[in-house]
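Enquirer: Once you've looked at the hints, dock chain B against the given chain A.
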Amino acid sequence: MPEALFTLIPLPPLLAALWIALGFALGRDRGEAGERGTARVALSAAGLSLLLVLAADVQALLLGPPGQIEAGTWLASGGVRVALGLRLDAFGLVMATLVALIGLVTLRFSVHYLHREPGFQRFFLGMSLFTSAMLLIVTAGNAVLTFVGWELAGVSSYLLIGYAYERPRATDNANRAFLTNRIGDAGFLLAIALCFAWVGGVEWPQITEGATDLSALQLGLILFGFLLAALAKSAQVPFSAWILRALEGPTPSSAAFYGSLMVHAGVYLLIRLAPLLELAPALAALVALLGLATALYGWLGALTAAETKGSLMYATLAQVGLMVLWCGLGWTELAAWHLVVHALWRAYHFLHAPALMHWVPRPARPVPAWLARRRWLYTAALNGFWLDAVGDALALRPARQLARDVESFEERVVHRLVGLPEQGSGVHSLARWEEARLGRAAPRHRYGPGVLGALMDSLSTALHWFEQRMVLQSGGGGLRRMVRVLGGYLQEVEALLSQPRYLVLLILATLVVIL
Amino acid sequence: MTRGAFFDRRAFLISYDPTQDPSGAILERHLVTNGAVGAGISLEYYFSSADNDRYGSGSKVTHNVTGLFAVMDGTASDLRTGLPSQMIEIHEAMRLLIVVEQSLDVLTAIYERQPAVRELVGNAWVQLVAKDPESGAIHRFRPGLGWVRWDPPARPVPRAERSQPCYAGRRDPCPPALIAAPDERAAHA
Chain A
204 MPEALFTLIP
214 LPPLLAALWI
224 ALGFALGRDR
234 GEAGERGTAR
244 VALSAAGLSL
254 LLVLAADVQA
264 LLLGPPGQIE
274 AGTWLASGGV
284 RVALGLRLDA
294 FGLVMATLVA
304 LIGLVTLRFS
314 VHYLHREPGF
324 QRFFLGMSLF
334 TSAMLLIVTA
344 GNAVLTFVGW
354 ELAGVSSYLL
364 IGYAYERPRA
374 TDNANRAFLT
384 NRIGDAGFLL
394 AIALCFAWVG
404 GVEWPQITEG
414 ATDLSALQLG
424 LILFGFLLAA
434 LAKSAQVPFS
444 AWILRALEGP
454 TPSSAAFYGS
464 LMVHAGVYLL
474 IRLAPLLELA
484 PALAALVALL
494 GLATALYGWL
504 GALTAAETKG
514 SLMYATLAQV
524 GLMVLWCGLG
534 WTELAAWHLV
544 VHALWRAYHF
554 LHAPALMHWV
564 PRPARPVPAW
574 LARRRWLYTA
584 ALNGFWLDAV
594 GDALALRPAR
604 QLARDVESFE
614 ERVVHRLVGL
624 PEQGSGVHSL
634 ARWEEARLGR
644 AAPRHRYGPG
654 VLGALMDSLS
664 TALHWFEQRM
674 VLQSGGGGLR
684 RMVRVLGGYL
694 QEVEALLSQP
704 RYLVLLILAT
714 LVVIL
Chain B
20 MTRGAFFDRR
30 AFLISYDPTQ
40 DPSGAILERH
50 LVTNGAVGAG
60 ISLEYYFSSA
70 DNDRYGSGSK
80 VTHNVTGLFA
90 VMDGTASDLR
100 TGLPSQMIEI
110 HEAMRLLIVV
120 EQSLDVLTAI
130 YERQPAVREL
140 VGNAWVQLVA
150 KDPESGAIHR
160 FRPGLGWVRW
170 DPPARPVPRA
180 ERSQPCYAGR
190 RDPCPPALIA
200 APDERAAHA
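For the protein sequence lines, the chains are A and B, in the order given.
Using the numbering used here, read the first sequence as starting at 204 and increasing by one per residue.
Using the numbering used here, read the second sequence as starting at 20 and increasing by one per residue.
The following block holds chain A by itself, in its conformation from the complex:
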């Protein structure tokens, strides 16, 4: 079989997703009557991918893995080139088989599970997109293509967490998961850019081999970017909170995304980067530490969680934390085995979750006594160690403040400079216009009765006149006003700089300049 054909592996589910999307785009609601057609298209697409992967597997068994294959150039500009190619080595093929298999099984499961749901079409759109994205992540030949899959997986995850979009909680959680993942994406983009600059390319073999020539700082920065992406995607501490909120969607999607496939994408990336991680023992130790922390976090959380999906998710986190720990310790092979076995087992587990009552004959087990005795630990575990609240305080609130500051800067400075009308000044100017119209005709106020009152009144009028003529309109008034305005701005800047978020920004800016 020609190897170029294997580059099509991630394509069929993407086409299926586009076909379903076309129905929406044309405004034709396929609805219930279209369930069968949609299911058939999505299933055959996933099946086709699986067949292609199996063909590649067979060829790999007979002739050895195809390795790096290319179908052409995607982007080329100067020295920068991004190929359109896959990397089908032994690990990539195992992962691709796993993804195609679980994707197909979950889709098949969902055909009946979502029968007569108003969101049937949407669900299959998201799942097909996701299957394609995951296949792209695990087979992509270079970091940029992996990133494309990474983002598509993020988008489909967002769409399916918000499946029940009439519930505010679901949409909130979808936003939350999406935004937390953006932190990881920033890391991924940083790493890609640095690879272009320092390694000269983004093909995976190029990165893992070229990195040996880099300085420790350069390697550390590239690795930092990738690690950020991997840890956020695999929901390791301190990013764990998003994945617990992500369980809003239909159970089959939870099974595929957070139980068995997407949660492992970070581990996959770590395994790919193992040669780099070996060269940076400090970062590897950090990874091991975070993995261990996540394993503990998941373990304690699973002991206290009351709902099925939550406790399954905590259990998943504990296992994924262990995988990350293996990666940090350099036991890559163990991590890979662990990943595959866990993905299969957890998919089965999650798909069973709705029928749990039929499988568990006994009442819910209480929290173990040793944990119940330690009230503080129990409370902390029950609340997910307040990772959400900590994230809010450390990232969300400063970011929101920053956005507000930028907005006010835009309104007060940029809009004035470019001559845009001030926003929200409609009422203000109307009031001013009315004032001007009524101005002279307005009745004079007397401030007190009798002669004394009249005296005070005339005095104040005189003072007012003096102020108008002598202070505000005297020579150099414009200059003075400008100085005063500038002083005000400087004062504001100083006040802002004393706040932590700007301190952090300043430090970051200094770092960027130094580098």
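To be clear, the hints were calculated from the coordinates, so they are not data collected in a lab.
Ideal placement from N, C-alpha and C gives every residue a C-beta, glycine not left out.
Take these hints with a grain of salt, some might be off.
[What the hints assert, rightly or not] One side only, chain B facing chain A, incomplete, derived with CB under 10 angstroms:
| id | residue |
| --- | --- |
| 1 | Ser42 |
| 2 | Gly77 |
| 3 | Lys79 |
| 4 | Val80 |
| 5 | Thr85 |
| 6 | Leu87 |
| 7 | Asp92 |
| 8 | Gln105 |
| 9 | His110 |
| 10 | Glu111 |
Expert: Chain B alone, transformed into the frame defined by chain A:
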């Protein structure tokens, strides 16, 4: 009494022979147990259909089993009550109609003795109809009015050769019909 009748997923039939039970002791037990169970099922079904968001539990698809005793939506919600939307399409949601073949006196005595029956029937949660075993006269119990005679309308009940054509191709409930007995069908042919 129900011979040949096709109720399309609406009926819950219990064998009862009034000639074997002149005192109404057997009927009394039936009304207390099966009446209450039937009322519970019917009311759960009715309210879950009438307002599935409030009294029912919404779509099963996002349900999350909680504490092994209830479900909630997604990661956090109130525990849901009633039936999920996938379960309310089987029967037609309606108030339970209990039809008993027994004399009014026996039924009235049971009604007065049993507070459980009084609560359900007297507060109109269910309707009770009696068919007299001897005269065949039908009376309906109306709270506040007592037994009121009911005469069947002149409109005939539709007849069908088989039940299958009645429901084939439709998901909504179809009206009751009388199905021809096998010997009748044979005579027809």
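Enquirer: Please name the hints from earlier in the document that this structure breaks, with their numbers sorted from lowest to highest.
Expert: 1, 9, 10
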